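Assemble the whole structure, with the sequences as input and the hints as a guide.
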Amino acid sequence: MAELATIARPYAEALFKACTDKGAGLSDALSWTDELAAIAADPEMRQLADNPNVTNEQVIEVMAGVTLARGWALSDLARNFLRTVVENRRLDALPEVASQFRALVNRNNGSSDALVYSAFPMDDSALNALGTVLEKRFGRPLNLSTTVDESLIGGVRVVVGDEVLDTSVKARLEQMKATLTA
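Here the sequence shown stands for residues 0 to 181, numbered as in numbering that gives the first Met the number 0.
Simulated from the structure, these hints should not be mistaken for laboratory data. Just so we're clear, the structure is a prediction, and the values are computed from it rather than from any experiment. A couple of the hints might just be wrong.
Cut-off 25 angstroms, straight-line C-alpha distance, at most; resulting in silico cross-link-like pairs (DMTMM-like, lysine to aspartate or glutamate) [claimed, not checked]:
| # | residue 1 | residue 2 |
| --- | --- | --- |
| 1 | K16 | E43 |
| 2 | K16 | E86 |
| 3 | K169 | E134 |
| 4 | K16 | D112 |
| 5 | K21 | D75 |
Here it is in C-alpha cells:
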C-alpha cells in the first residue's frame, strides 16, 4: 500500500529527527512507536477514532490509558507525536510510521531486524547462540524476534529484510520433493 507508505514517511523522519536532536533514546522511541502502532491497528480503536462524536483528545486519552494499563506512561515526546498523528487524522498510518521509523533507526545503527521462525520455543541462550551465527552470516548486527511455526517440523527459518535463510526440515523435504519430481 504505497499511499500509506507515502503518508507515513514524513512522520517517521520527523520523529527520528526529533529523537536525535533532543537526545531522546531511539530504543525508547522504538518501543513506544511499536506499542502505539499495535493499539492503532486494533479494529475497535480504529472504530473509536473514526467516530465523529469522539474528539481527538478523547482518542489520545484512550490510547494513553491503554499504554498505562500495559505498564508504561507516554513521555512528552510520545504524547506530542501521538497528538500530531491523531489531529492530522493519520492514525491508520501509524503502523507504517512505526515500521519506517524502525528502518531509520536500524540504518542509523547499521543493524537489521530478523524474524526467526522456529518449530519450538527458543530459550534465551539458544537465541543468543543463533544470533551470533546469524550476525556472521548476514554481516551485520541483528535485532532478533521469534515466532513459533510448528509446520517447520524442526530447524529454523530466518527472514532479514528480503533475505531468507531456511534450514527447516520442511524446506529440506520440499527440496527433496522437487528433486524427485524433476
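Outcome of the hint check:
no., hint, in the structure
1, K16 - E43, "violated, 31 angstroms"
2, K16 - E86, "holds, 20 angstroms"
3, K169 - E134, "holds, 24 angstroms"
4, K16 - D112, "holds, 21 angstroms"
5, K21 - D75, "holds, 12 angstroms"
In the structure shown, a violation is registered for the earlier hint numbered 1 alone.
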